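Peer 1: Going down the list, the sequences are from chains W and Z. Counting in numbering that gives the first Met the number 0, the first sequence runs from 0 upward without gaps. Counting in numbering that gives the first Met the number 0, the second sequence runs from 0 upward without gaps.
Some hints could be false.
Taking beta-carbon pairs under 10 Å as the criterion, some of the chain Z residues facing chain W (in silico) [said to hold, decoys possible]:
#1 127
#2 129
#3 130
#4 131
#5 146
#6 156
#7 167
#8 183
#9 275
#10 277
#11 377
#12 379
#13 381
#14 383
#15 386
#16 387
Derived from the structure by calculation, the hints contain no laboratory data. Bear in mind the structure is a predicted one, so any value in this text is a computation, not a measurement. Idealized CB from N, CA, C, for every residue including glycine.
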Amino acid sequence: MTRTPPQDQSSESSFEETFTKLRESIEALEGTELSLEEAVQLYEEGMQLARKCNQILNNAELRISKLQEEYTQEPSEDSDITNQN
Amino acid sequence: MINKVFIVSELISHLSNALDADPLLNDIWITGEVANATTSSSGHTYFSLREEKASFRCVLFSRYTGAEHVVNGSQVNVHGHVTIYAARGEIQLTSDIVQPVGIGLMAAEFELLRQKLEEEGLFDPTRKRVLPELPKLIGLVTSESGAVFHDISNTLSRRYPVAELLLSAVQVQGAKAENDISEAIKKLNKVQGIDAIIIARGGGSLEDLHAFNSERVARAIHASKVPVISGVGHETDVTIADWVADIRAPTPTAAAELVSPSKDAIYLEIATIFSRSWSFLSETVMNKKLEVEKLASMMEQVLPNINDLKQSVDLHLLTAKQSVSLLSSKYQADLEQNKSALFALNPKAVLKRGYSVIELEDGKRVTSASLIKFGSIVKATLLDGYFNATVTHGEISGGNEPKSIVNLSDELFEKSKSGKKVVKNDKNTSSGSEQRKLF
């Protein structure tokens, strides 16, 4: 149960980043004057992001880790807490 | 013997100092029955606390709560410090808490701490932070063994499984709880990337919730750099921690719900973005199409229209045809008119009426008497033939006086004076002899 860095940070971008990009893409699509080619490109990018968001959400499982074990080796203050438990 | 004579204010000042120096008199609870309760126009409440054979003056200034409990005859616990009212030299209790009897001492202490922290600004609504919309790492301070941890992790799994839950397991009641909880909050604050901290425990008595009502935990929450969500006890339990926290959730499950967006809401938003993008793109394509159509129609307007030209040619052709036909009939009409005019001019028609044409020898037609000279031989043509004649006499008419050209014989003159210009036919006489005869 030791805390490990989130998987998405190492392999691919995280859900938050992907979802934020998706929101930005629709803002850009609707908010600015675009040529048809640019609009189509933004649309395709957005759809890719949307599919990726769905994929991440579908496959996600809540990661749970515990703080104490990480801090047991740290100075007295942290060790005290662990010992008290 | 009198060593020194005091003035009144000196005595009061002395008493005041003595009261201030006494720790018990500075922080004291008194219980009793309310009597002589009045409220001044400025909102301060004055009353006495009474027993069977004793009474003590109290004042509750308007900035403190609890005046509603100051009702004559009711039993109350009052907290405050003992002071002397200089104007009357009366000892009184300047109170800051008034509670009906029945609330335990713990509750009273809770109220005392709540007031203290409120005055310090720990509950200030303006310092409440907003939770991140899409938290990546959520800290949790609670007991590992209780139902609370499972409620929270299940809620997060259901709503927002892309997040990570970092548990700092603590005892949530008992002697160590106060220390554990405040230290856990501090430690979670040191974890990189932490987005929010939930502190939670199930419901319990005021004693069970003591740690969440402690000043230490309150200060740890206040010092947290990331937003803290409290989910302590049941909906009816409100702790000091709830007051300090950035967000107070009524239950631990509610805390997990407040900290996480819902997966369903995210799916819905993604679907909405899908449809918004598609409709926007369709609209863009449609607009471009309309633009092209508009340009095309503008071009058609600018270029000459072949059909119009053709029509115009047709129209011209028709006009031309009509004109020709009109001209033609006019020509026919003219022709008819000219025919009759020509007919009317036909000399034979004139000759038929008894006139004759007189010509000179050179063939020149005699249209005026001035052309005639004496002895001229003229040719007179009639309808059925001609004869020659020699001019013997004549006169030019017109003007004021007739002018004599020749001396025509009276006889001949007589025969010609009918007004006809022609000379009367005389076939039998030769021109020479007649000329001679005439002249």
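Peer 1: Now tell me if each hint is right for this structure.
Peer 2: Hints and how they fare:
1. Taken as an interface hint, residue 127(Z) does not check out: its beta carbon lies about 23 Å from the nearest beta carbon of chain W, beyond 10 Å.
2. With a least beta-carbon distance of about 16 Å to chain W, the hint placing residue 129(Z) at the interface is violated under the 10 Å criterion.
3. With a cut of 10 Å, the hint placing residue 130(Z) at the interface with chain W is violated, because the nearest CB-to-CB distance is about 14 Å.
4. With its C-beta approaching chain W no nearer than about 9 Å, residue 131(Z) sits inside the 10 Å limit, and its interface hint holds.
5. Violation of the interface hint for residue 146(Z) is found here, the shortest Cβ-Cβ separation to chain W being roughly 16 Å, above the 10 Å cut-off.
6. With a least beta-carbon distance of about 4 Å to chain W, the hint placing residue 156(Z) at the interface is held under the 10 Å criterion.
7. Given hint, residue 167(Z) at the interface with chain W, holds; its Cβ is 4 Å from that chain's nearest Cβ, closer than 10 Å.
8. Hint on residue 183(Z) holds. Least Cβ distance to chain W is approximately 7 Å, under the 10 Å limit.
9. A least Cβ separation of about 6 Å between residue 275(Z) and chain W falls short of the 10 Å threshold, and the interface hint therefore holds.
10. Given hint, residue 277(Z) at the interface with chain W, holds; its Cβ is 8 Å from that chain's nearest Cβ, closer than 10 Å.
11. Nearest Cβ of chain W to the Cβ of residue 377(Z): about 106 Å, over the 10 Å cut. The hint is violated.
12. Among the interface hints, the one on residue 379(Z) is violated; its C-beta lies about 106 Å from the nearest C-beta in chain W, farther than the 10 Å criterion.
13. Given the 10 Å rule on beta carbons, the hint for residue 381(Z) is violated: about 105 Å separates it from the nearest Cβ of chain W.
14. Given hint, residue 383(Z) at the interface with chain W, is violated; its Cβ is 105 Å from that chain's nearest Cβ, farther than 10 Å.
15. Hint status for residue 386(Z): violated, given a least beta-carbon distance of 110 Å to chain W, over 10 Å.
16. Look at residue 387(Z): its Cβ only gets to about 110 Å from chain W, farther than 10 Å, so that hint breaks.
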